[in-house]
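Colleague: Sequences listed follow chains S and D, in order. The first sequence begins at 1 in the working numbering and counts up by one. The second sequence begins at 398 in the working numbering and counts up by one.
Treat the hints with care, as some may be off.
Simulated crosslink set (EDC-like; lysine to aspartate or glutamate; CA at most 20 Å straight-line) [stated by the list, open to error]:
hint, chain 1, residue 1, chain 2, residue 2
1, D, Lys636, S, Asp65
2, S, Lys350, D, Asp725
3, S, Lys366, D, Asp725
4, S, Lys366, D, Asp766
5, D, Lys636, S, Glu149
6, S, Lys147, D, Asp497
7, D, Lys636, D, Glu659
8, D, Lys543, D, Asp766
9, S, Lys147, D, Glu619
Derived list of chain D stretches under chain S, where covered just means 3 residues or more per stretch with a C-beta under 8 Å from a C-beta of chain S [as the list claims (entries may be wrong)]:
hint, region
10, 557–570
11, 611–622
Simulated from the structure, these hints should not be mistaken for lab results. Here the structure is a predicted model, which means the values were calculated and not measured. Using N, Cα and C, we set each Cβ at its ideal position, and we do this for glycine too.
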Amino acid sequence: MSIPTELINRYPWLPSLKKHYFEMASRSPSIFISEVFSKDFGSDLKERLLDLFEAAFDNLEEISDYKSDKLNVYVYLLLNIFLYALDNQLITNRLANLYSKITYNELTKENNDANLYNICQDLGLKIRYYEPPINYGVNIVKDHHQKLETNFTIHFIDYLRLASNLRDEYRKLVHNSLLEGYVFIQNKRLIRLIQEYVRNRLLIKETEDKASLKAFLSDVSEIKDFKEIIDKILNAWTERKEEFEYTFKIDFESKEELLTLYPPCVKEILKKTQEGQNLIHNERLFIVWFLLALEYPVEKVVDLFSTMPDFDREKTTYQVNFAKKKKYIPYKCLTLKSLNLCFAANYKDKLCLEGYGSVEPSERKKLAHPLSYTRIKQYRASKEEYYKNKEVDEVNE
Amino acid sequence: MSDISYLKRLFRTYYKEKRSEIPTVSSFGHREFGYIPWDKKIIMKRHMSFKSQDSITKHLGNEGPRHVYSSGALYTQPEIPDMDGKGYQGCDFIVDIDVDHFYTPCKEDHDFWYCKECGKSGLGMVHKCPKCGKSKIKTSAWICEKCLDTAKREIIKLIYDFLVPDFGISISQMRIAFSGHRGYHLKIENDQIRNLPSNERREIADYISGENISLEILGLQEKSGTIYSFSGDTYGWAKKIIRKTYEILKKPNSEIQELLSEKEKFNFNKNYIKSFLNSKQDFIDKIDNNKYFILPSIEGFGMTNWRKFFTGIVHEVGVEIDTPVTIDIHRLIRYPGSLHGKTGFKVQEIFPDELDDFNPLDEVNEKLDPIVFESKVQTTQKLEVLDAQVPATKIKGKTYGPYTKGEIIEVPHHIAIFLLCKEVVKTI
Ligand code: SF4
Ligand SMILES: [Zn+2]
Ligand SMILES: [Zn+2]
Chain S
1 MSIPTELINR
11 YPWLPSLKKH
21 YFEMASRSPS
31 IFISEVFSKD
41 FGSDLKERLL
51 DLFEAAFDNL
61 EEISDYKSDK
71 LNVYVYLLLN
81 IFLYALDNQL
91 ITNRLANLYS
101 KITYNELTKE
111 NNDANLYNIC
121 QDLGLKIRYY
131 EPPINYGVNI
141 VKDHHQKLET
151 NFTIHFIDYL
161 RLASNLRDEY
171 RKLVHNSLLE
181 GYVFIQNKRL
191 IRLIQEYVRN
201 RLLIKETEDK
211 ASLKAFLSDV
221 SEIKDFKEII
231 DKILNAWTER
241 KEEFEYTFKI
251 DFESKEELLT
261 LYPPCVKEIL
271 KKTQEGQNLI
281 HNERLFIVWF
291 LLALEYPVEK
301 VVDLFSTMPD
311 FDREKTTYQV
321 NFAKKKKYIP
331 YKCLTLKSLN
341 LCFAANYKDK
351 LCLEGYGSVE
361 PSERKKLAHP
371 LSYTRIKQYR
381 ASKEEYYKNK
391 EVDEVNE
Chain D
398 MSDISYLKRL
408 FRTYYKEKRS
418 EIPTVSSFGH
428 REFGYIPWDK
438 KIIMKRHMSF
448 KSQDSITKHL
458 GNEGPRHVYS
468 SGALYTQPEI
478 PDMDGKGYQG
488 CDFIVDIDVD
498 HFYTPCKEDH
508 DFWYCKECGK
518 SGLGMVHKCP
528 KCGKSKIKTS
538 AWICEKCLDT
548 AKREIIKLIY
558 DFLVPDFGIS
568 ISQMRIAFSG
578 HRGYHLKIEN
588 DQIRNLPSNE
598 RREIADYISG
608 ENISLEILGL
618 QEKSGTIYSF
628 SGDTYGWAKK
638 IIRKTYEILK
648 KPNSEIQELL
658 SEKEKFNFNK
668 NYIKSFLNSK
678 QDFIDKIDNN
688 KYFILPSIEG
698 FGMTNWRKFF
708 TGIVHEVGVE
718 IDTPVTIDIH
728 RLIRYPGSLH
738 GKTGFKVQEI
748 FPDELDDFNP
758 LDEVNEKLDP
768 IVFESKVQTT
778 QKLEVLDAQV
788 PATKIKGKTY
798 GPYTKGEIIE
808 VPHHIAIFLL
818 CKEVVKTI
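Please build the complete structure, drawing on both the sequences and the hints.
Modeller: Shown next as structure tokens:
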């Protein structure tokens with residue numbers, strides 16, 4: 001079944017884009033850019049593109065006069081090209097967050113099951129549609145219960161692929177209704193999964209192939225419009241960038257050895273904040289409690305969040321101060337594992353995976369808490385230091 | 398000849414004679430193989446690959462290893478020692494159900510533990526020494542019909558309460574095997590599932606086991622003094638919990654009492670059980686009339702006790718799986734048809750419809766019999782007992798032991814091999 005072109009205009013990240021706008025989507029980027037800006041809608045395009053970047057840098061979650069006409073397709077293709085050209089993880093994350101959020105709002109606003117179904121089909125998601133909706137449970141709302149109904153179910157493999165990154169407790173498979181391989185899902189949550197799909201789609205990792213990026217850049221920087229836009233974006237970025245970047249310069253990059261003291265679960269979150277990726281609630285709580293437990297100053301902890309798309313310094317400072325007063329204890333490994341926040345395996349971390357203590361595998365103690373990780377590493381480091389000094393002493397004698 | 402080389406020779410003979418009967422695994426050329434030889438120091442040789450079934454059985458015939466494994470994962474180059482260089486292509490979904498990892502009451506009769514720190518020893522299952530609190534525990538786990546039956550029931554539960562109805566996985570994609578010791582493995586061979594990364598496998602593992610479930614999210618909550626429970630006309634876990642609760646409520650009082658007082662599960666004291674039983678009929682009526690959404694008021698039952706009760710129910714419903722095995726995509730598992738070096742029993746593949754009647758320690762169907770060293774002519778062997786206490790072993794309907802250290806015993810060939818593999822006796 002072919003998807004209406006009108007849907008593609010509104011949701012240009014759909015895979016069928018290539019079929020509907022074959023010529024446009026398969027053109028080489030530099031030709032595409034030079035042609036597109038010379039058209040009569042060129043200046044309109046420029047404006048829309050810059051609006052997107054501005055809004056993203058301002059942490060907005062919406063664009064007031066967002067239009068989903070045919071130009072939207074150009075905007076989307078250009079957005080991809082500019083993100084590639086900028087090659088900056090922080091900017092990419094910002095834009096991916098904003099753009100996917102816009103998608104969520106658009107889909108929610110139109111509230112059209114047929115479109116939602118077609119979109120899922122186009123994305124290759126295995127879904128089923130029920131008419132009339134099926135009843136799959138009950139929910140309590142203020143002392144009375146409400147039937148849970150939905151028209152949609154989604155295959156558990158697709159569900160896991162899109163939902164496992166979101167990590168909210170209620171999205172865990174075990175808390176959902178499952179029948180014959182399909183998860184009952186309400187429209188709103190299904191749209192949230194599509195938002196995640198869109199976000200991932202824009203998140204091209206920083207390019208490894210710097211040579212072809214360079215070649216591309218020298219190619220397109222000849223194009224006047226391209227240069228003009230890039231310059232404007234970069235200007236806007238430098239104005240705000242300090243707020244995002246300075247903290248890491250001081251704390252994490254200059255004191256790199258500090259990082260070796262942190263367990264993978266902490267490193268992973270720090271990495272995310274550095275890249276400006278959004279943190280889920282549990283990640284925020286954990287990192288705050290962890291750093292506070294190590295007696296990190298409050299402002300430094302707050303700075304860490306300055307890259308978040310929804311950063312609010314005042315609010316964050318209040319929350320961190322509150323956590324400090326309450327002296328919360330950070331999650332233990334078992335909890336982190338159940339929240340899918342343990343990254344011992346990804347980092348192949350010996351201490352996390354094999355434990356500590358004796359060399360005899362059966363007598364080793366298992367690591368139970370990320371704070372112990374840091375203490376053990378500190379202890380080991382101090383021991384090494386001690387022996388180093390001792391050696392020096394002995395040589396001197 | 399030492400006992401070790403004796404066993405090694407027996408294993409080699411087995412692999413030579415049964416060469417044509419050893420089953421194969423799918424995608425054979427893409428699997429990594431590993432084995433543990435009969436050396437004193439237990440080191441696994443990994444990262445091997447074989448071109449064909451023929452070449453591996455030949456290899457087994459020459460080496461007669463103590464344990465043989467193949468990977469759940471598929472690789473383009475399984476023989477490359479570095480995991481990142483192997484060319485990972487996906488992994489079967491593997492579930493391991495092993496009595497070692499969960500409680501059964503009969504462990505109090507046949508499992509010994511010994512504390513390496515303070516020397517205390519005892520029967521049953523402990524994680525920490527009750528005397529000194531250290532966890533340097535050495536256990537000697539025994540085989541037992543009851544335990545194996547429990548494990549088998551867990552596998553059946555896994556298939557018919559979870560994999561088929563909830564996940565829609567077809568039985569033809571499952572391969573099941575008795576592990577040759579205290580459990581069963583189940584493998585799902587399905588292209589889509591093969592591609593799941595580890596964290597998504599954990600989600601499935603949690604669903605199957607009920608681990609990390611939040612009763613609150615499923616509906617258990619207190620609002621202005623009223624305690625609400627789950628909805629049974631739904632699907633998924635809420636329904637499972639209510640169904641199980643009902644099933645338990647329908648049991649005779651004596652059975653409910655026993656269950657609710659079980660330490661490892663509900664662990665309720667007498668008074669609570671009494672008031673629970675007093676309100677039993679009320680609870681049943683509520684479920685019958687579909688009115689259980691507000692829980693019956695039972696004396697002494699606030700959120701704490703209800704949470705405790707339903708946590709116990711979750712435990713009853715969930716399958717006792719060894720989660721680390723399921724989420725580890727590079728794990729090796731026992732090769733079907735190979736011998737388990739701690740028992741001398743065969744890793745026996747079984748079809749789901751054969752499970753009900755399957756009895757590994759006394760199997761009537763010769764083709765499914767894991768006890769391969771039973772000789773047609775009754776030969777016996779003389780042995781000296783080395784371990785302080787050797788629990789009784791019931792195999793093929795006959796019980797041998799218990800034995801104590803220094804005893805000289807004479808047992809049939811297949812029992813002798815079992816005891817030798819267990820390293821609790823020596824030949825004399
Ligand atoms: S094992 Fe513990 S400390 Fe290590 S990464 Fe996992 S949760 Fe963090
Ligand atoms: Zn002890
Ligand atoms: Zn037992």
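Colleague: Each of the hints needs a verdict: does it hold here or not?
Modeller: Here is how each hint holds up against the structure:
1. Lys636/D x Asp65/S: violated, 46 Å
2. Lys350/S x Asp725/D: Holds, at roughly 16 Å.
3. Lys366/S x Asp725/D: The given pair, whose Cα atoms are some 18 Å apart, holds under the 20 Å limit.
4. Lys366/S x Asp766/D: Cα-Cα ~39 Å, so violated.
5. Lys636/D x Glu149/S: Holds. Lys636/D to Glu149/S sits at ~16 Å (cutoff 20 Å).
6. Lys147/S x Asp497/D: Roughly 43 Å between the alpha carbons, so the hint for Lys147/S and Asp497/D is violated.
7. Lys636/D x Glu659/D: violated, 24 Å
8. Lys543/D x Asp766/D: Holds: Lys543/D and Asp766/D sit about 18 Å apart, inside 20 Å.
9. Lys147/S x Glu619/D: Given that 20 Å is the threshold and the Cα spacing comes to 19 Å, the pair holds.
10. 557–570: holds (count 5)
11. 611–622: The restraint on the region 611–622 of chain D holds, since 7 of its residues have a Cβ under 8 Å from chain S and three suffice.
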